[in-house]
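Let's have the full structure, built from the sequences with the hints guiding it.
Here the protein sequences come in this chain order: A and B. Just so you know, we're using my numbering here: the first sequence kicks off at 1 and counts up by one. Just so you know, we're using my numbering here: the second sequence kicks off at 1 and counts up by one.
The hints are simulated quantities; they were obtained by calculation from the structure and are not laboratory data. Using N, Cα and C, we set each Cβ at its ideal position, and we do this for glycine too. It cannot be assumed that every hint is accurate.
Claimed, not checked - Result set (DMTMM-like, lysine to aspartate or glutamate): computed pairs, CA atoms no more than 20 Å apart in a straight line:
1. LYS141(B) x ASP132(A)
2. LYS168(B) x GLU350(B)
3. LYS184(A) x ASP202(B)
4. LYS283(A) x GLU350(B)
5. LYS53(A) x GLU56(B)
6. LYS53(A) x ASP277(A)
7. LYS283(A) x GLU56(B)
8. LYS53(A) x ASP233(A)
9. LYS218(A) x ASP286(A)
10. LYS184(A) x GLU56(B)
11. LYS184(A) x ASP185(B)
Claimed, not checked - Counterexamples of contact, computed for chain B against chain A with all Cβ distances above 12 Å:
12. THR16
13. PHE200
14. SER242
15. LEU266
16. GLN339
17. GLU350
18. TYR388
19. LEU421
20. LEU445
21. THR477
22. VAL479
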Amino acid sequence: MAQFTRFAGLSMLGLMLGSAALAQGYPERQITMVVPFSAGGPTDTVARLVAEKMSESLGQQIIVENVGGAGGTLGAGRVASAEADGYTVLLHHIGMATSATLYRSLAYDTLNAFDYVGLVTEVPMTLVARKDFEPADMAAFVSYVKENADSITLANAGIGAASHLCGMLFMQALDAPIVTVPYKGTGPAMTDLLGGQVDIMCDQTTNTSEQVRGGTIKAYAVTTPERLEIFPDLPTVAEAGLPGMEVAIWHGIYAPKGTPPEAIEKLSAALQAALADEGVAAKMADLGTAPSPAEDATPQALQAKLESEIDRWKPVIEAAGVYAD
Amino acid sequence: MDLFSNLALGFSTAATPANLFFCLIGALLGTLVGVLPGIGVTATIAMLLPITFQLEPVSSLIMLAGIYYGAQYGGSTTAILINLPGESSSAVTAIDGYQMARNGKAGTALAIAALGSFFAGTFATLLVAIFAPPLTIIALKFGAAEYFSLMLLGLVSAIALAHGSVPKALAMVVLGLLLGLVGTDIYTGTPRFNFGITNFADGLNFVALAVGVFGIAEILRNLEDERSRKVITSQVGSLFPSREDLRKMLAPMMRGTVLGSALGVLPGGGAILASFAAYTVEKRLSKEPHTFGKGAVAGVAGPESANNAGAQTSFIPLLTLGIPANPVMALMVGAMIIQGIVPGPNVASEQPALFWGVIASMWIGNLMLVILNLPLIGLWVRLLKVPYFVLFPIILAFCSIGVYSVNSNVFDLYSVAMFGLLGYVLIKLRCEPAPLLLGFVLGPLLEENLRRAMILGRGDPMVFVTRPISATLLALTVVVLIVVLLPSVRAKREEVFVED
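Structure below.
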C-alpha cells in the first residue's frame, strides 16, 4: 500500500514535471513530512493536523511518513541525510534537544544537520496521580511526596519520553528520589495509573485531560507559566513553589541543512497560516494545547529554542545518569 | 431496558446507508489486507487516516474497525493456503490449517475459520455491549505481577503440550526468548545484543520474523525439490465442511471464543496469548491429540475463534477508558483526536451514538464478512492453482512491500531475508517455528512485567503469591507442570511423538 501511494505520488510528479516550466519555483511536487514516531501517537496527530492545512496554502500535498524507532533518532537521522531540496521535512518534539544528550552516539549532529522552519505548538504537562491518592491539593501533594518518597512510585512512558523528562525535573525540584517505573509507551503507563498499580505520573495534557475530566485520575498542577483554560482550578508549578519544573513538549519542523531559503520561507509561511486556522486551534484546544504564535513559527525562534533546550536538559540528564544507548 | 435502547441507538446509527457502506468498505479492505501476506493492518490504517478526516467521526471509526476485524478473517487465508501468517494470531492457524490444505481440504479449513470467526465475533460483540464496564474493572486489576504469572502460564503450557519433540520445542521457545531480548532495555536504556546497529534499538521486527521464518522458509523448502512443490496443492477437495467437521468444530469454537474474549480484554498483550492458548487447550482436551499438527479441525476452529473474539473485546479498553490495547487501537485514538473526539472514560456517556454505533457496526461487519467470505473461498482456493513460478515471486514482492510499509525502513527487508534463512535451517533440523514465535512475543512481556512487579514490590518476590489473581495463575501453572510430569500422561504423550 505504501508503495501504491508512492507510485501514485510518482505519477502525480510526472504530471507536475510536465507543467514545471510554467509553475515558478517551489513546491512543484508533494512534500514528505517525516514523523519519527509511530502513527496515531500525539506527535503524529499534531503533524497530521498541521500538514493538512499547510498542504492547502502550499498547493501541494504533504504526506506524513512515520519513521519510528530509537526514540525518534532514526527518523531524524533519515531527514538529516535526505536531499536538501525542501521536499523532505521533519516534525519532531522536545526529543530533538534531549536526544543530543540521551544518545552518546547519534548518526547526525543535532545543531549542524538541520535548517529550521518553525515551532508548531507547546503542549503543557500535568502532574497527576491515581484517583485515590491521599493529598487533597498541590501543597499537600508536595509535602506528602517529600515525606513518603520511599513508598511512592512514579510512572513514565520509557526513557526519553515526555513523562520521563518531566519526572526527572520533578524529582530534581523536590530533591527527593522516587522509585521510577518505566513502561513501553503512555498507554500501559496510564492503564496502571488508572488501575492504581502506580501512584503518580507527569504527562502531556494530550494524554491526561480526558482522564482527569472523567475522574479516573487526579490532577495536581500544570507545568506552564500560566494556568490553563481547561484546568482553571489547577495551580501552576511556580505557584506551588517549584518554578524549575516548568516544561512544555514543544514541537518544531526542520529541514535538512542546505535547503534553499525560498523553500524554508514558503514552509514557514504555510506553517504560520496553518497555525492561524481556527479549525486547527479548536482541535489543539481539545488536546489542552494551542498553536504557537506567528512569531514563534519562524526559523529563528525554533533555532533559539533548540539551542536553549539542549543546554537546559544536558545537566538534568547527566545528573540523572540515564542514557538511551 | 437501558441495553436495548442503547443497542437500538447503535443499530440506528450503524444501519444508515452511508455507515453500512463504510462498514462494508472497511470489511472488504480488511479482508484484502489480511489476505495479502505481510501487509499489516497498522500500515493500512495509517495510510487511510487522511481519508477519514473527510468523514463523519462515526463513519470513519466504523470503517477503521472494519479493517481491523476484517483482517482477522483474511489473515487466516494465507496462513491456511500457503503457510504465511501475517499476524501473530494466524501463526497458530497455519499449523493445522496448512496441513489441511496440503491434504486437499483447503476449502474446508477456510470455511471453518470463517464460521468460527463469525460465531466468536457475534458472541464477543454481545459481551462488549453488555459487560464492557465491569470487564474494564477486572482488566484494571491486572498489574505487572498478574501479567507475569499469566505469561508464565502461557509459556509453560506451550512447552508442556508442544507437538513433536519436547527438547526441540523447548529449544525453539528459548531461541525465541533470546531473539526477543534484542533491543534497548526499557528500564536502563542499555542496548542489548544490537552489535552497535541503531536499527536494532527497538528490537527485531515481528512481521519480518514471522514472514521470514514461516513464508520465505516454506518457499525455499519447496524450491529445493523440482517434483514435490507441495506448497501448492492442485487437489482442492470439497469447499464446505462435512457434517462430521461441523460436529468436531463446535466445542473448540465455543471454548476458543470464551478464552479469546477473556484474554482480549487485557490491555497489556493478553490478546497475543489467545490463539496460542486456545490451541493448547484444544490439544489437551482432544480425544485424538495425534491429529494435531497434521490437519486437526479443532486446531483451526479453536484458535481462529479465539483470535477473532480477542480482536473484538480488545476494543473494550479503548471504548471505556480511551486506552489503546495495541498499535491498531492507537491509530484509532489518533483518528478520533483528529476528528475532535479525545478518547477517554467519557466517550460512552457524551457520545452515545458513536459508542453504540461502533459496537453495533461490529456485529453488522462480522455478518458481512461471513457472507463475503464463504463465496470467496472458491476464489481463494483457486489461488492454489497458480503455477509456482508466478506465485512465489508475487508472494515475495507482497511480503517485502508489507514489511517495508510498517516503518519505511529498508533494514527490515534484510531482516526478512535473514529470518527466511533461519527458518529454512529450522525446517532442515525439523524444528517448529510456532514455539519460537511464542517465545519471541512473550519473552519481552515476561521480562518487562517481572522486573516491573519487582520494582513495584520493592524487590520482594512475594508479590507474585500475595496478590490473589497472580497466585491463582501461578497455581494453574504448577498444575499444568504436574499434569505433564505425571507418568501416565507422559506415556500418552510419548505415544504421540512416535510418529514424528
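Taking the hints in turn, this is what the structure says about them:
Straight-line distance between C-alpha atoms of LYS141(B) and ASP132(A) comes to about 15 Å, which keeps the hinted pair within the 20 Å bound. At most 20 Å may separate the alpha-carbon atoms for a hinted pair to count; LYS168(B) and GLU350(B) exceed this at roughly 54 Å. Simply put, LYS184(A) and ASP202(B) have alpha-carbon atoms about 11 Å apart, close enough for the 20 Å limit, and the pair holds. Taking the CA atoms of LYS283(A) and GLU350(B), the gap is about 17 Å. The hint holds against a cut of 20 Å.
A threshold of 20 Å between alpha carbons decides the hint, and for LYS53(A) with GLU56(B) the separation of about 19 Å falls inside it, so the pair holds. At most 20 Å may separate the alpha-carbon atoms for a hinted pair to count; LYS53(A) and ASP277(A) meet this at roughly 8 Å. For the given pair, LYS283(A) sits about 15 Å from GLU56(B) by alpha-carbon distance, which is consistent with the 20 Å threshold. Taken as a hint, the LYS53(A) and ASP233(A) pair is broken in the structure, with Cα atoms around 33 Å apart against an allowance of 20 Å.
A C-alpha spacing of about 19 Å is found between LYS218(A) and ASP286(A), which places the hinted pair at or below 20 Å, so the restraint holds. A distance of roughly 32 Å separates the Cα atoms of LYS184(A) and GLU56(B); the hinted pair therefore is violated under the 20 Å criterion. Annotation: proposed proximity of LYS184(A) to ASP185(B) holds, straight-line Cα distance about 10 Å (limit 20 Å). Every Cβ of chain A is farther than 12 Å from the Cβ of THR16(B); the closest lies at roughly 25 Å, confirming the non-interface assignment.
Against the 12 Å criterion, PHE200(B) falls within the reach of chain A, whose nearest CB is about 9 Å from its own CB. Under the 12 Å C-beta cut-off, the non-interface status given to SER242(B) relative to chain A holds; the minimum distance is some 38 Å. Listed as outside the interface, LEU266(B) is inconsistent with that label: its C-beta sits roughly 10 Å from the nearest C-beta of chain A, within the 12 Å cut-off. The Cβ of GLN339(B) sits about 9 Å from the closest Cβ of chain A, inside the 12 Å cut-off, so the non-interface label is violated.
Listed as a non-interface residue, GLU350(B) fails to keep its Cβ farther than 12 Å from every Cβ of chain A; the least gap is roughly 10 Å. A cut-off of 12 Å between C-beta atoms confirms that TYR388(B) is not in contact with chain A; the least separation is 23 Å. For LEU421(B), the shortest C-beta to C-beta distance to chain A comes to about 24 Å, beyond the 12 Å cut-off, and the non-interface label holds. Interface exclusion of LEU445(B) from chain A breaks down, the closest Cβ pair being 9 Å apart, not more than 12 Å.
Against the 12 Å criterion, THR477(B) stays outside the reach of chain A, whose nearest CB is about 21 Å from its own CB. At roughly 27 Å from the closest C-beta of chain A, the C-beta of VAL479(B) stays outside 12 Å, upholding its exclusion from the interface.
Of the numbered hints listed earlier, those contradicted by the structure are 2, 8, 10, 13, 15, 16, 17, 20.
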